[in-house]
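Chemist: Taken in sequence, the protein lines are chains A and B. Using the numbering used here, read the first sequence as starting at 1 and increasing by one per residue. Using the numbering used here, read the second sequence as starting at 1 and increasing by one per residue.
Honestly, I wouldn't trust all of these hints.
To be verified - Over the 12 angstroms line for every Cβ pair with chain B, so calculated as not near, a few chain A residues:
| hint | residue |
| --- | --- |
| 1 | Gly108 |
| 2 | Leu194 |
| 3 | Glu215 |
| 4 | Ala219 |
| 5 | Gly224 |
| 6 | Leu325 |
As the list claims (entries may be wrong) - Quick partial rundown of chain B residues pointing at chain A, CB under 10 angstroms, derived from the structure:
| hint | residue |
| --- | --- |
| 7 | Leu66 |
| 8 | Ser79 |
| 9 | Arg85 |
| 10 | Gly100 |
| 11 | Gln192 |
Bear in mind the hints are in silico, worked out from the structure with no lab data behind them. Where a beta carbon is used, it is the ideal one built from N, C-alpha and C, also for glycine.
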Amino acid sequence: MSETGTSTRLPVGGSLGSLGVRLWPLLAPAGLTILISLLALMGSEVLERKATFMLINMVFVLGLYTFVGNSGVLSFGHATFMALGAYTFAFMTANVRVKNTTLPDAPGFLRDADIATWQAVALAAIVPAVFALIVALPLMRLNGLAAGIATLAMLFAVGVIVSQWQSLTGGNTAFAAIRRETDLYYALVIVVVLMPLVYLYQQSRFGLRLRGTREDLLASRSLGINTVRERTIAWVISAAIVGIAGAMYAGFNGTIDPSQFFLGARSAGGVTFLTIAMLVVGGISSLAGAVVGTIFLSGIAEALREVEKATDQRHITEVVLALILLLTLILRPRGITGGREIYWPFRREQTMRRPAAAPSAAGTSE
Amino acid sequence: MLAIENLVVRYGSILALRGISLEVNEGEVVGVIGPNGAGKSTMLMASAAAIPVAEGDIRFEGETVLKERPEKVVERGISLVPEGRHIFHRLTVGENLELGATTRTDAAAVEEDRARVFELFPILKEYLGTPAGKLSGGEQQMLAIGRALLARPRLLMLDEPSLGLAPVVIDRVFETLEQLRKTGMTILLVEQHAERTLDLADRVYVLRTGSIELAGTPEDLAGNPQFEKAFLGFV
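Taking the hints into account, I'd like the entire structure generated from these sequences.
Modeler: Written out as structure tokens, the structure is:
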């Protein structure tokens with residue numbers, strides 16, 4: 001532990017080496033992600049697509065972590081933001097002729113929109129963020145189970161609207177001819193930009209306050225922390241990030257339809273279940289958990305898909321993922337990382353441990 | 001400084017406080033003692049604007065705190081150390097202290113206050129990077145008090161700081177309160193430990209089933225047979 005003692009916070013000075021040590025909780029997961037992506041690049045095209053898909057899921061989980069990890073409030077509704085981001089990106093980039101044919105009743109500015117990819121990605125962050133800000137007014141006041149159920153209600157409500165608003169979204173028919181620009185490089189650049197932002201938020205005083213409310217609501221209130229405000233900030237940032245995941249997904253697949261985002265007979269839990277499983281298995285309350293969980297479950301899911309293909313059995317993946325989630329909850333409820341960040345392993349004094357010579361007088365209580 | 005007037009608090013159909021009045025003057029240490037369920041914590045929570053009040057008023061420096069948002073009450077200078085300490089277990093000691101200064105914008109003065117807290121509790125400085133949950137109960141209580149002090153309160157309210165602590169550790173906590181009193185801090189202390197509260201406080205109120213039964217200086221109360229029978233006999 002350093003003299004200032006704020007060893008888990010961002011550094012204010014020191015050499016490049018100590019900067020690296022301080023930033024290790026960010027550098028370790030980022031390095032791991034980059035390493036795996038580069039390995040995939042050396043493999044087949046199939047592997048490259050699998051890695052790209054993993055990075056899209058990682059962006060979703062990073063967004064989910066920003067809210068769920070720091071606030072301790074579970075959300076089942078984040079796929080809503082992904083859908084909003086994906087549809088925004090689709091409207092902004094899909095082939096104009098195709099849009100005019102398949103969606104003749106949609107507003108003209110949407111049918112004729114054809115903007116640069118990066119602008120469409122930015123819009124895919126802004127639209128869900130604005131939506132999140134509006135629904136935050138009632139949602140962020142809720143705690144525990146009520147909050148989880150309310151986010152699920154949001155998912156269902158928006159799901160019904162998207163799938164039934166035939167003239168705007170095309171309903172359950174696929175929205176096709178979306179600009180396909182998501183490849184491994186593109187996805188990696190987005191991850192490498194977003195991960196430090198997520199870490200920065202977590203380490204900022206806003207993130208710290210939100211983690212305070214996660215630990216103890218009464219104490220944070222008695223210190224003057226405004227729980228609703230801090231949650232709203234994280235909720236909106238989180239929605240923007242997950243919206244970007246939606247844009248990446250739309251640009252990866254080329255076509256989207258409501259069943260890819262919302263719960264229903266065809267989707268069997270889909271992205272909502274998968275991303276929550278990733279975060280929980282990795283460890284809900286740390287950035288390391290979000291990243292490790294995504295990589296771990298992506299690897300397992302892709303391997304299982306190969307098994308499905310080979311044996312011609314469908315839904316093996318969902319069953320095994322559910323089992324892994326269940327086992328994690330029973331055996332290691334705080335996830336693979338224990339909900340802790342990855343610290344520099346070679347430092348002389350461990351911050352996580354008590355100093356050896358504990359003065360005795362205060363140590364005899366309870 | 002703090003004036004509670006005819007305060008009535010209800011939890012559903014239960015009357016937790018039946019119209020109590022109490023006053024804390026600047027620089028004073030006021031103790032409130034009474035058995036479990038007497039309404040002591042309720043009174044503190046109401047003063048921190050953390051629970052709704054049915055009737056009566058609570059004024060701090062002349063102005064009501066009712067209908068104030070909890071964070072505004074902290075800004076106005078009232079800090080509560082809640083019963084059971086309520087430290088942030090998985091955050092480090094340093095982060096716990098940082099959150100104590102949530103409502104402050106004067107970074108330089110916060111740094112001074114931090115130094116003062118470390119003078120009061122040197123142990124906290126040693127454990128800055130340690131998760132607060134790993135501290136012992138007594139250390140956690142010191143952290144809770146130190147954290148509250150970082151809001152730079154003018155009135156410090158403590159809810160049963162001795163709860164669940166070993167006698168030696170309770171001694172330490174009360175020594176600290178004594179030190180704080182010497183700095184001129186105004187303190188409202190709620191305790192079940194009658195004897196220690198009498199030793200520390202300038203004035204004491206006795207709360208029982210939602211009403212104030214007795215009030216006076218420790219000397220008055222110590223000579224009161226009713227009080228001796230009810231409290232000192234059992235301590």
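Chemist: Against this structure, judge whether each hint is valid.
Modeler: Evaluation of the provided hints:
1. Distance check on A/Gly108: its Cβ is at least 46 angstroms (rounded) from any Cβ of chain B, clearing the 12 angstroms threshold; non-interface status holds.
2. Interface exclusion of A/Leu194 from chain B stands, the closest Cβ pair being 24 angstroms apart, more than 12 angstroms.
3. Distance check on A/Glu215: its Cβ comes as close as 4 angstroms (rounded) to a Cβ of chain B, failing to clear the 12 angstroms threshold; non-interface status is violated.
4. Here A/Ala219 does not stay apart from chain B, with its beta-carbon only about 4 angstroms from theirs, under the 12 angstroms limit.
5. For A/Gly224, the shortest C-beta to C-beta distance to chain B comes to about 3 angstroms, within the 12 angstroms cut-off, and the non-interface label is violated.
6. Even its closest Cβ contact with chain B, about 22 angstroms, leaves A/Leu325 beyond 12 angstroms, as expected for a residue assigned away from the interface.
7. The interface hint given for B/Leu66 is broken, as the beta carbon of that residue sits about 16 angstroms from the closest beta carbon of chain A, more than 10 angstroms.
8. Below 10 angstroms, beta-carbon pairs count as interface contacts, and B/Ser79 has one with chain A at about 7 angstroms; its hint therefore holds.
9. For B/Arg85, the shortest C-beta to C-beta distance to chain A is roughly 8 angstroms, which falls under 10 angstroms, so the interface hint holds.
10. Taken as an interface hint, B/Gly100 checks out: its beta carbon lies about 6 angstroms from the nearest beta carbon of chain A, inside 10 angstroms.
11. Residue-level restraint check for B/Gln192 is violated (minimum Cβ-Cβ distance to chain A is 16 angstroms; threshold 10 angstroms).
When held up to the earlier numbered hints, the structure conflicts with 3, 4, 5, 7 and 11 and fits the remainder.
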